[in-house]
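Asks: Chains as they are written, first to last, in the working numbering: chain A, 1 to 428; chain B, 1 to 131.
It cannot be assumed that every hint is accurate.
Said to hold, decoys possible - Here are the computed lysine-lysine pairs in the BS3-like style, where the Cα-Cα straight-line distance is at most 30 Å:
#1 K130(A) to K189(A)
#2 K334(A) to K11(A)
#3 K422(A) to K7(A)
#4 K30(A) to K93(A)
#5 K11(A) to K169(A)
#6 K107(A) to K378(A)
#7 K172(A) to K130(A)
#8 K189(A) to K20(A)
#9 K45(A) to K39(B)
#10 K357(A) to K97(B)
#11 K52(A) to K85(A)
#12 K11(A) to K177(A)
#13 K107(A) to K107(B)
#14 K172(A) to K30(A)
#15 K97(B) to K379(A)
#16 K107(A) to K97(B)
#17 K39(B) to K107(A)
#18 K30(A) to K7(A)
#19 K334(A) to K357(A)
#20 K189(A) to K30(A)
#21 K30(A) to K107(A)
#22 K97(B) to K422(A)
#23 K172(A) to K107(A)
#24 K378(A) to K334(A)
#25 K107(A) to K7(A)
#26 K107(B) to K378(A)
#27 K85(A) to K169(A)
#28 K357(A) to K110(B)
#29 K45(A) to K97(B)
#30 K107(A) to K130(A)
Claimed, not checked - Cβ pair distances, simulated, as ranges:
#31 G24(A) to K110(B): 29 to 35 Å
#32 Q18(A) to P100(B): 52 to 58 Å
#33 K422(A) to K110(B): 50 to 56 Å
#34 S403(A) to N73(B): 48 to 54 Å
#35 N4(B) to R221(A): 18 to 24 Å
#36 E265(A) to N103(B): 47 to 53 Å
In short, the hints are calculated from the structure, not lab data.
Backbone N, C-alpha and C define an ideal beta-carbon position, used for all residues, glycine too.
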Amino acid sequence: MRLELGKIFIKNIEFGGQTKVENGTLYVNKDELLQEIGGDSRLTKIELDIAKPGEETRIMPVKDVIEPRVKVEGPGGIFPGVLSKVDVVGSGKTNVLKGAAVVTTGKIVGFQEGIIDMSGPGADYTPFSKTNNLVIVCTPIENLQQHEHEHAVRMVGLKAAAYLGEAGKNVKPDEVKVYETLPFVEGLKMYPELPRVAYVYMLQTQGLLHDTYVYGVDAKRIVPTLMYPTEMMDGAILSGNCVSACDKNPTYNHVNNPVIEDLYERHGVDFNFVGVIITNENVTLMDKERSSNWTAKLAEYLNLDAVIISEEGFGNPDTDLMMNCKKITAKGIKTVLITDEYAGRDGASQSLADADKAADAVVTGGNANEVIELPAMKKVIGYLEPADIIAGGFDGSLRPDGSIVAELQVITGATSEIGFNKLSATQY
Amino acid sequence: MAMNNKYLIITNNPSVWESYNSKFCTEFVEGAYIDVLVKVRNKIHEGSQLITHPLMGSVKPNETPYRSIILQNGSNTDMQSVEIIESSIESCLRFQKDRPTPNWSDKVLKDFQFVDIRLFESAISSLPDII
């Protein structure tokens, strides 16, 4: 499967008369976009705003971040099984508005989290302070159930991203990158001497506000399966996950997974990157056993030499991570784990809720308990009040002057467990 | 649905108690998240086995006051359950030490109850012998 990813660099975003990309600026026709994403009777109001890098703007509580993409050639469309037919995606040509993002916000539950600061110290912790953001604030009808609210906001965000992506369909990309994975047997013939490496991609799938979708299927209902890495780049996996802002994977991260990106960089040189094994993180131990049995079985079946395993979320997925690690290691396959840490404010406590001696190569995305101070911003998009009641916030987090003292876990994407951030730890 | 005696539910979430105490053996804990975990640990030492992970959900143990855990009745101590409940208790105490659960407003408490029951129901729906 071969995908040409055409990157159109977006350096600015403005509302304008026509939705188009011109000289690196994405112009957005507000009315047309509202027409495109409106019509859901569960929402009384949809408001649009813009947040650019360097501005004194705070967005909160953030639900999802989505990158505008469009299929230019090849089967299917963006977000298959949700916005497009369920064709297998990941081949042909896709254009992306690199540097633009849709950010959705709305108070789905009272304790909801997720902050993006566009400048100041908080901006350093989130990749979405560097994107030109179209922010969508959704207000639900009264007494709308939380899962309905989440669904409504999720769909609005995806539709908005797909609408903006269309603006790049006929634009010549500034840069084209080609990604290719051969069918398994052909890959073996092509790289007979190279070690076989796969990526075990763990998806958060525990229930309300903790869900991920694969080709439109709720991933808690899947057994682990194989995917071409380029399928992710066309939005085959998307987020319905609102909890644990710092280490959940927004939809933006699923299409820009740095583990996949980096494995491709050395594919065919140092190893043969054979593909991605997706798996879930369910709440029952039987589901955890079944899914980790299957990841190990698939890894063995593919005759792998090594896997990289990434986690999503906190606490009970640590058990899934360790089960995957232990069972794959027992097959004689090397593992490297990527996680983040809840190691207390001083970073000295036990980082994970589970451990195993097989986990002897672990990369961290940072300590989510670290306390940070975020100065007041001139403008807030969304709602500031949840600052006191978000994960990592606490009574008095929100000071009268609008500044916030809280744990790093309040910031969207701060301790990404797929490495879509800058934090880590090194042992000297 | 007839009363199911295979499973045991330990919860401090009034919504779970109200919806499920007539369908499953359910013990309501008048106490905090940690008290639910300790009760579950006792049950495990008496021979029950964990069905759900005690830290299910990404809502932190010093954030949500509610916890509902499903056990399977039994008579032999299951070592995997012992290890998981011990490390879960350790995690919970660590979070509480750094920052205890705040006194939430009623609306926020209702939302925490709702998320807890939905996670719980996600577990119930994956039990093979429950329709």
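Asks: Given the hint that K45(A) pairs with K97(B), test it: the Cα-Cα distance must not exceed 30 Å.
Replies: violated (41 Å)
Asks: Between Q18(A) and P100(B), does the C-beta distance stay in 52 to 58 Å?
Replies: Given a distance of about 54 Å, which is inside 52 to 58 Å, the answer is holds.
Asks: Against the 30 Å threshold, does the CA-CA distance of K422(A) and K7(A) hold or violate the hint?
Replies: Given pair K422(A), K7(A) holds - Cα atoms ~22 Å apart, limit 30 Å.
Asks: Tell me if the straight-line CA distance from K189(A) to K20(A) falls inside 30 Å.
Replies: Violated, at roughly 45 Å.
Asks: Mind checking the alpha carbons of K11(A) and K169(A) for me, to see if they're no more than 30 Å apart?
Replies: holds (18 Å)
Asks: Within a Cα-Cα threshold of 30 Å, do K52(A) and K85(A) meet the stated pairing?
Replies: The given pair, whose Cα atoms are some 33 Å apart, is violated under the 30 Å limit.
Asks: Please work out if K189(A) and K30(A) have their alpha carbons no farther apart than 30 Å.
Replies: violated (52 Å)
Asks: Taking 30 Å as the top limit, are the C-alpha atoms of K30(A) and K7(A) close enough?
Replies: Distance ~24 Å between K30(A) and K7(A) Cα, so the pair holds.
Asks: Has the given pair, K11(A) with K177(A), been kept, meaning a C-alpha gap of at most 30 Å?
Replies: With a Cα-Cα distance of about 19 Å, the restraint between K11(A) and K177(A) holds, given a limit of 30 Å.
Asks: So if I understand the rule, the pair passes when the alpha-carbon distance is 30 Å or less; does K172(A) with K130(A) pass?
Replies: holds (23 Å)
Asks: Sort out whether K110(B) lies within 30 Å of K357(A), counting only the CA atoms.
Replies: violated (40 Å)
Asks: Check the following: the C-beta atoms of S403(A) and N73(B) are separated by a distance inside 48 to 54 Å.
Replies: Given about 52 Å between the Cβ atoms, the range holds.
Hints 1, 2, 8, 9, 11, 15, 17, 20, 23, 24, 25, 28, 29, 31 and 33 from the list above are not met by this structure, while the remaining hints are.
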